[in-house]
Structure formats: C-alpha cells, structure tokens
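Asks: First to last, the sequence lines map onto chains A and B. If you use the working numbering, the first sequence corresponds to residues 1 to 252, in order. If you use the working numbering, the second sequence corresponds to residues 1 to 336, in order.
Keep in mind that the hints were calculated from the coordinates and are not lab data. Be aware that a few hints might be false.
[As the list claims (entries may be wrong)] Cβ-Cβ distance ranges computed for the label pairs, FRET-style:
{"id": "1", "chain 1": "B", "residue 1": "309", "chain 2": "A", "residue 2": "205", "range": "22 to 30 Å"}
{"id": "2", "chain 1": "B", "residue 1": "26", "chain 2": "A", "residue 2": "80", "range": "57 to 65 Å"}
{"id": "3", "chain 1": "B", "residue 1": "122", "chain 2": "A", "residue 2": "78", "range": "48 to 56 Å"}
{"id": "4", "chain 1": "B", "residue 1": "127", "chain 2": "A", "residue 2": "59", "range": "49 to 57 Å"}
{"id": "5", "chain 1": "A", "residue 1": "197", "chain 2": "B", "residue 2": "327", "range": "51 to 59 Å"}
{"id": "6", "chain 1": "B", "residue 1": "16", "chain 2": "A", "residue 2": "16", "range": "29 to 37 Å"}
{"id": "7", "chain 1": "A", "residue 1": "205", "chain 2": "B", "residue 2": "315", "range": "26 to 34 Å"}
{"id": "8", "chain 1": "A", "residue 1": "29", "chain 2": "B", "residue 2": "319", "range": "40 to 48 Å"}
{"id": "9", "chain 1": "A", "residue 1": "78", "chain 2": "B", "residue 2": "118", "range": "25 to 33 Å"}
{"id": "10", "chain 1": "B", "residue 1": "14", "chain 2": "A", "residue 2": "185", "range": "49 to 57 Å"}
{"id": "11", "chain 1": "B", "residue 1": "118", "chain 2": "A", "residue 2": "82", "range": "53 to 61 Å"}
{"id": "12", "chain 1": "A", "residue 1": "78", "chain 2": "B", "residue 2": "90", "range": "41 to 49 Å"}
{"id": "13", "chain 1": "A", "residue 1": "141", "chain 2": "B", "residue 2": "106", "range": "45 to 53 Å"}
[Claimed, not checked] Once the Cα atoms are required to be at most 20 Å apart in a straight line, the calculated SDA-like pairs of lysine to any residue come out as:
{"id": "14", "chain 1": "B", "residue 1": "221", "chain 2": "A", "residue 2": "173"}
{"id": "15", "chain 1": "A", "residue 1": "49", "chain 2": "B", "residue 2": "119"}
{"id": "16", "chain 1": "A", "residue 1": "58", "chain 2": "B", "residue 2": "118"}
{"id": "17", "chain 1": "A", "residue 1": "111", "chain 2": "B", "residue 2": "225"}
{"id": "18", "chain 1": "A", "residue 1": "58", "chain 2": "B", "residue 2": "319"}
{"id": "19", "chain 1": "B", "residue 1": "221", "chain 2": "A", "residue 2": "10"}
{"id": "20", "chain 1": "B", "residue 1": "221", "chain 2": "A", "residue 2": "79"}
{"id": "21", "chain 1": "B", "residue 1": "221", "chain 2": "A", "residue 2": "143"}
{"id": "22", "chain 1": "A", "residue 1": "87", "chain 2": "B", "residue 2": "114"}
{"id": "23", "chain 1": "B", "residue 1": "221", "chain 2": "A", "residue 2": "12"}
{"id": "24", "chain 1": "A", "residue 1": "111", "chain 2": "B", "residue 2": "146"}
{"id": "25", "chain 1": "B", "residue 1": "221", "chain 2": "A", "residue 2": "71"}
{"id": "26", "chain 1": "A", "residue 1": "58", "chain 2": "B", "residue 2": "138"}
{"id": "27", "chain 1": "A", "residue 1": "87", "chain 2": "B", "residue 2": "119"}
{"id": "28", "chain 1": "A", "residue 1": "58", "chain 2": "B", "residue 2": "247"}
{"id": "29", "chain 1": "A", "residue 1": "87", "chain 2": "A", "residue 2": "143"}
{"id": "30", "chain 1": "A", "residue 1": "111", "chain 2": "B", "residue 2": "217"}
{"id": "31", "chain 1": "B", "residue 1": "221", "chain 2": "A", "residue 2": "103"}
{"id": "32", "chain 1": "A", "residue 1": "58", "chain 2": "B", "residue 2": "21"}
{"id": "33", "chain 1": "A", "residue 1": "58", "chain 2": "B", "residue 2": "32"}
{"id": "34", "chain 1": "A", "residue 1": "111", "chain 2": "A", "residue 2": "99"}
{"id": "35", "chain 1": "B", "residue 1": "221", "chain 2": "A", "residue 2": "116"}
{"id": "36", "chain 1": "A", "residue 1": "58", "chain 2": "B", "residue 2": "70"}
{"id": "37", "chain 1": "A", "residue 1": "58", "chain 2": "B", "residue 2": "91"}
{"id": "38", "chain 1": "A", "residue 1": "58", "chain 2": "B", "residue 2": "115"}
{"id": "39", "chain 1": "A", "residue 1": "49", "chain 2": "B", "residue 2": "204"}
{"id": "40", "chain 1": "A", "residue 1": "87", "chain 2": "B", "residue 2": "215"}
Here a beta-carbon is modelled for each residue, glycine too, at the ideal position from N, C-alpha and C.
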Amino acid sequence: MTPAKIEIENLSLTFADRQVLNQINLNIPANQVTALIGASGCGKSTLLKCINRLNDLKPQCDIDGAIRIDHEDIYQKSYDVTDLRRKVGMVFQVPNPFPTSIYENVVFGLKLLGVRKRHHLHEAAEKSLRQAALWDEVKDQLNQNALQLSGGQQQRLVIARALAVEPNILMLDEPASALDPISTLKIEELITELKQTYTILLVTHNMHQAARVSDFTAFLDQGRIMETGQTRDIFTNPRRKATEDYITGRYA
Amino acid sequence: MLKNLFARQPYTTQDQHWLWLSGSMLLICMLLVASLLFLIGVQGLSFFWPSDGDEAVWTRFFHNIGLFLTQAPTDHNQSGGIFPALFGTVTMVLLMTLFVTPIGVLSAVYLSEFATQNSVTRLLRIAIYNLAGVPSIVFGVFGLIFFVYILGGSIDQLFFSDSLPAPTYGTPGLIWVSLTLALLTLPVVIVATEEGLSRIPEDYRSGCLALGATQSEMLWKVVLPLTTPAMLTGVILAIARAAGEVAPLMLVGVVRSAPELPIDSQFPFLHLDRNVMHLGYHIFDLGMQSPAGSDVMPIVFAASLVLITLVLMLNLTAIIIRQGLRRRFQHYNQHP
Chain A
1 MTPAKIEIEN LSLTFADRQV LNQINLNIPA NQVTALIGAS GCGKSTLLKC INRLNDLKPQ
61 CDIDGAIRID HEDIYQKSYD VTDLRRKVGM VFQVPNPFPT SIYENVVFGL KLLGVRKRHH
121 LHEAAEKSLR QAALWDEVKD QLNQNALQLS GGQQQRLVIA RALAVEPNIL MLDEPASALD
181 PISTLKIEEL ITELKQTYTI LLVTHNMHQA ARVSDFTAFL DQGRIMETGQ TRDIFTNPRR
241 KATEDYITGR YA
Chain B
1 MLKNLFARQP YTTQDQHWLW LSGSMLLICM LLVASLLFLI GVQGLSFFWP SDGDEAVWTR
61 FFHNIGLFLT QAPTDHNQSG GIFPALFGTV TMVLLMTLFV TPIGVLSAVY LSEFATQNSV
121 TRLLRIAIYN LAGVPSIVFG VFGLIFFVYI LGGSIDQLFF SDSLPAPTYG TPGLIWVSLT
181 LALLTLPVVI VATEEGLSRI PEDYRSGCLA LGATQSEMLW KVVLPLTTPA MLTGVILAIA
241 RAAGEVAPLM LVGVVRSAPE LPIDSQFPFL HLDRNVMHLG YHIFDLGMQS PAGSDVMPIV
301 FAASLVLITL VLMLNLTAII IRQGLRRRFQ HYNQHP
C-alpha cells in the first residue's frame, strides 16, 4: 500500500442546511489514480472542491472535519489558500480555457506567481504542453486564440495550464464527458502517463473509464462513502449490493 | 431577409391574427421612425441646398454644410453655424463617459462580485433601477443644489477665496453638466455591467481560482475583460441618452450663448468652470424662444439633423468596437 497523499477525515459539508457530504473518510494514495464514482448529485464534485477549497467563497457553506495533504491540515487558519491551489491542480468538466492565446493560457498560473523571465515562461509552456500531449499539435500556433481549438484540444490545454504551475496533485472532474471517443482516449492515455509524477483524482460517470485508468476507486452515494478499494476488487467483487448495482447500471 | 420574414408557415388561424396584429404595430413604428427621419432629413438638408443658380450646386451644398458645422452663430443664434453647440455637446458627453464608466463599472463589480447577496443588496439594486426612472429635470435640480451650490461653493471657499464673491466653480459650468449627466446615466451602466458579469460562466471563475489566483486577480484578468462587451453596451446607451438630454442641463451650465469654448489654447486648456453651449438646448432656444419666430425653423431642422447624426455616429462607433470585442470572444459566447 502506497502512503496516503491526501487524508480526509470525518469531512461533512452542508450547503444552506442541506447535507451534501456526510462523514467522509478517505485516504488517497500518492502517485496513483483514484476514481470517484457515484450518481449525479452525490457530492463527488463538491468533495473535489473541498480539497482545493473552492467551496470557501460559496455563501452558506459549512465545512466540518479535516483534510490533510502531506499530513498538513489545509483548513487550518495559517494555511495559504492560493498556495494550496497551486499544489492541487484542477481540470473541470467543460473545457474552460481563457479567451486569450494558447501560450497565455499555459503561462497564466506562472504569471500569477510573478514569473516574468521570458525564457523561463517559454520553457515551462513547452514542457507542460508536451506533458499534456498537445505540443505537436499547437507548437506553430501558440499565439492563436485558445478558444479556436477543438474541445479535446482545449481540455488538454487546460490540463497543460494546470501542470504548468507544477502541482503534485491533479484533480479531474469528468474531464472527458464533453469529448468524443478519440479525444477521450487521448485524455485517458494522458492520465496513465501522468500518474508517474502526480497523484490523480478522477471523477467519472463512465464505469469503463474508471475500470481502465484507475488504481483505486471510491463509490459515493448521497454524500457518503459506500465502498473504497482497489479498482480491480471493486469492479470484480464488490462487497456491497449498492456498489454492484451502480456499477452494473441497475442503480435507481 | 424580407423573404425569411414571410416564409415561415404554416400558421393557424389564431397565429395569423397575432401575426397581423403584431405585424401592423411594427409597421406603425417603422412608419413613424421613417417619417421622422425623412422629415428631419429633407428639411435639414434643404437648409443647405443653394437657393439660387445651378452652377456647382453640390460643391456649394457641401460648402454650406461645412460652414454650418464649423462657424459660430451670429445675430442671436439666428444665423451662422452651430460649431460651439456641437463642440460643447461632444465635450460634455465625452467628459461624462470618463466619469460614469469607472463609477458605474466598479459599483456593479462590488454589487455582484463582493457584496453578500441579502436584503440590503436587493434594496440597493431596486434603488438603482428606480434611479433610471427619475425624471431628468429632478437630476438637474439636484445637480444645481448639490454640485453647483454645495460642492462648487466649497471648492471656491477652499481654493479660490481671493476671487470671491465672484464665483469660479460655484456657478453652473461644464464640469457640473458632465457630472449631472453621469449621475443620470449611472443606472444604465450599472445594470448593463451587472448583467454582463452574471453571464460569465462559473467555470471561468473556478478555473482561474483553481490556478491560485486571488479574487481580484480573477476579476482583472478574466472576468472583467470578458464583460467589456456588456459594459460597452451600457456606455452606448448612456451616451445616446446623454447626448439628447436638455432639460436638466439648463440648470447646471448649458447656456444660449457662450463667449468661449470649453477647450482652447489657454492654460489649463480644458476649462471645467466655463458655461457651454449644447445642440439640444440650441434647438429648443431657436425653436421656442427666438424673436424671429418661424423664420429660423430651417436652422432648427438643420441643427436637429446634426444632433441625430451625432448620436447615430457615437452609437455606431461604440457598436463597431463592441462587435470587434464580440468577435474576439465569439467562441466564449457559444460556451454551453
């Protein structure tokens, strides 16, 4: 068992008196792909947004419990939120490149950090675009508007943008749900490639995708963790009836 | 385009009733607008048409237009050109834009991005919306009391006390005209900007924050640039309204005849304390208060033509800029 990168302990979240997450306990292993599966509205995305504290600004949102990254509580007062968000990159369901050039998108995070040296920015841009398997497609059009790329390219660009600030955790919220099968395949290959360097959290509705790319799986239902374990075990030999029903599509 | 208008069918009988009713209403609107433009256009242009001879009429026609636009009025505005009024209108509208854009945009940013949404913000929003419905003369009275007497009076006492009792800023002038106009058009800019801000998808905001941006970095680098088309729409509406406003301005600094232009070669070049002339007021004054009666009506038409052309041109400029921005963001607009 690899050591835990993220430890989630008794995490509960209420949003306007509605219990969204209920006593979540989950350890996410380093340099592995952990898949979060569950029906829409079960709290998967909310859980992700707890890990980079994107829920902070939401009004009427109460969080209880602890999340530790590298054994450090990220909800303690002295913890720097912008620092946390650089450590934990996030890719959203719908590709959301900013309406500027491809290059500006990739170096966006670095510029926020105050990096100004051009050769430094260029190197970082090339490196992360290569990591996101996009470099060969866009190297001659870095100044083109990012919004002119295809959906699949945009999603890889957004991954490159997240990688450019050198996080050690990468969270992907249904990264392929808006993409065609070929783009999906590219993203999946990319995830497998990236887990050498990063701890990856993947929210997905696609059971085959979870089975293909993840090492660990956690099944959420109505804000609770129903079952966690090796993906192999969960998909071949689930311990709970609910998990089996969900995976096989008999969920109601 | 006309073909598309009629090509959609089949309509039911009920649909046809509504089609005819709404169609004829639209026709009435179009006819009214068309006859307005036609009347003003023909009457206005005929003012410039040379009345005698047939030699080089076109040259003289354009020459007359040029003279009308570039010369000062003479003989109690009853002859000559309209240059000071045209210049004054443009100056005060541009100055107003300088005031209203930052105040309006930043207010909208605070209201929709920073303020906690509760009953106070709701009340504030209702108040701003209602400000748009306040009769403009009320703004004029407010401008006279608050800007001219209170603000201008205080400035005089603090900085120009040696020239008192002759007022410097404590009297109607360009700056107060522009500020009153800015106040008048503030709701338009605030509402349009808020509307634009609310249309930026949540994904862009979260995407930016997730990269470690602070909320203000997110605003400056992603959200506000994307909102520029909406802001410009607000400013366009503000300009169009301001350029046509007359009544409140008579109280705060617009006059029948100003001896000097608000901008000249004398230091400090832009004279905020000077009285200015205004096209709208010029038209009102000539049409209603001229001793020459209906003899000056051709000038009134010509000046009206210039005023609507000016508003049209200001609008067109802003629309072209906005289209340029839209094109830059067109893929963003297709975002689900």
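Asks: Decide, hint by hint, whether the structure agrees.
Replies: Comparing the hints with the structure gives:
The hinted range of 22 to 30 Å is not satisfied by residue 309 of chain B and residue 205 of chain A, whose Cβ atoms lie roughly 58 Å apart. Separated by about 59 Å at the C-beta atoms, residue 26 of chain B and residue 80 of chain A satisfy the suggested range of 57 to 65 Å. Checking the proposed 48 to 56 Å range against residue 122 of chain B and residue 78 of chain A shows it is violated: the Cβ atoms sit about 36 Å from each other. Evaluation of the 49 to 57 Å hint for residue 127 of chain B and residue 59 of chain A yields a failure: the beta carbon distance comes to about 22 Å.
The supplied range of 51 to 59 Å is broken by residue 197 of chain A and residue 327 of chain B, whose beta-carbon atoms lie about 39 Å from each other. Against the hinted window of 29 to 37 Å, the Cβ-Cβ separation of residue 16 of chain B and residue 16 of chain A comes to about 49 Å, which falls outside the hint. In this structure, residue 205 of chain A and residue 315 of chain B break the distance hint of 26 to 34 Å, their C-beta atoms being roughly 48 Å apart. Checking the proposed 40 to 48 Å range against residue 29 of chain A and residue 319 of chain B shows it is violated: the Cβ atoms sit about 57 Å from each other.
In this structure, residue 78 of chain A and residue 118 of chain B meet the distance hint of 25 to 33 Å, their C-beta atoms being roughly 30 Å apart. Residue 14 of chain B and residue 185 of chain A have their C-beta atoms about 53 Å apart, which keeps the hinted 49 to 57 Å range intact. Between residue 118 of chain B and residue 82 of chain A the beta carbons are some 27 Å apart, a value that contradicts the proposed interval 53 to 61 Å. Against the hinted window of 41 to 49 Å, the Cβ-Cβ separation of residue 78 of chain A and residue 90 of chain B comes to about 56 Å, which falls outside the hint.
Judged by the Cβ atoms, the range 45 to 53 Å given for residue 141 of chain A and residue 106 of chain B is violated: they are separated by roughly 36 Å. Distance hint between residue 221 of chain B and residue 173 of chain A is unfulfilled; the C-alpha atoms sit about 24 Å from each other, more than 20 Å. Of the supplied pair hints, the one linking residue 49 of chain A and residue 119 of chain B is violated, its CA atoms being roughly 28 Å apart against a limit of 20 Å. Restraint check: the Cα-Cα separation between residue 58 of chain A and residue 118 of chain B comes to about 14 Å, which is no more than 20 Å; the hinted pair holds.
Restraint check for residue 111 of chain A and residue 225 of chain B: satisfied, since their Cα atoms lie roughly 17 Å apart, inside the 20 Å limit. For the given pair, residue 58 of chain A sits about 36 Å from residue 319 of chain B by alpha-carbon distance, which is inconsistent with the 20 Å threshold. Between residue 221 of chain B and residue 10 of chain A, the direct Cα distance comes to roughly 37 Å. Violation of the 20 Å bound is thereby established for this hinted pair. Among the hinted pairs, residue 221 of chain B with residue 79 of chain A is inconsistent with the structure: their alpha-carbon atoms are about 25 Å apart, more than 20 Å.
For the suggested pair residue 221 of chain B and residue 143 of chain A, the alpha carbons sit about 17 Å apart, so the restraint of at most 20 Å is met. Restraint check for residue 87 of chain A and residue 114 of chain B: the C-alpha separation of about 26 Å exceeds 20 Å, so the hint is violated. About 33 Å separates the Cα atoms of residue 221 of chain B and residue 12 of chain A, which puts this hinted pair outside 20 Å; it is violated. Among the hinted pairs, residue 111 of chain A with residue 146 of chain B is inconsistent with the structure: their alpha-carbon atoms are about 46 Å apart, more than 20 Å.
The hinted pair formed by residue 221 of chain B and residue 71 of chain A fails the criterion: a straight-line CA distance of about 34 Å is larger than 20 Å. Between residue 58 of chain A and residue 138 of chain B, the direct Cα distance comes to roughly 41 Å. Violation of the 20 Å bound is thereby established for this hinted pair. Only pairs whose Cα atoms come within 20 Å are accepted, and residue 87 of chain A paired with residue 119 of chain B is rejected, the gap being roughly 38 Å. At roughly 46 Å between alpha-carbon atoms, residue 58 of chain A and residue 247 of chain B are farther apart than 20 Å, so this suggested pair is violated.
Proposed proximity of residue 87 of chain A and residue 143 of chain A is contradicted: the alpha carbons are some 27 Å apart, above 20 Å. A distance of roughly 11 Å separates the Cα atoms of residue 111 of chain A and residue 217 of chain B; the hinted pair therefore holds under the 20 Å criterion. Restraint check for residue 221 of chain B and residue 103 of chain A: the C-alpha separation of about 15 Å stays at or below 20 Å, so the hint holds. Between the alpha carbons of residue 58 of chain A and residue 21 of chain B the distance comes to roughly 48 Å, so the proposed pair goes past 20 Å and is violated.
Between residue 58 of chain A and residue 32 of chain B the CA atoms are separated by roughly 51 Å; this puts the pair beyond 20 Å, and the hint is violated. Proposed proximity of residue 111 of chain A and residue 99 of chain A is supported: the alpha carbons are some 16 Å apart, at most 20 Å. Under the criterion of a C-alpha separation no larger than 20 Å, the hint pairing residue 221 of chain B with residue 116 of chain A is consistent with the structure, at around 16 Å. The suggested pairing of residue 58 of chain A with residue 70 of chain B is violated, with an alpha-carbon distance near 58 Å, which exceeds 20 Å.
Among the hinted pairs, residue 58 of chain A with residue 91 of chain B is inconsistent with the structure: their alpha-carbon atoms are about 44 Å apart, more than 20 Å. Between residue 58 of chain A and residue 115 of chain B the alpha-carbon distance is near 12 Å, which keeps this suggested pair within the 20 Å criterion. The hinted pair formed by residue 49 of chain A and residue 204 of chain B meets the criterion: a straight-line CA distance of about 15 Å does not exceed 20 Å. Of the pairs offered as hints, the one joining residue 87 of chain A and residue 215 of chain B holds, with about 18 Å between alpha carbons and a cut-off of 20 Å not exceeded.
Comparing the model with each earlier hint shows violations of hints 1, 3, 4, 5, 6, 7, 8, 11, 12, 13, 14, 15, 18, 19, 20, 22, 23, 24, 25, 26, 27, 28, 29, 32, 33, 36 and 37; every other hint is respected.
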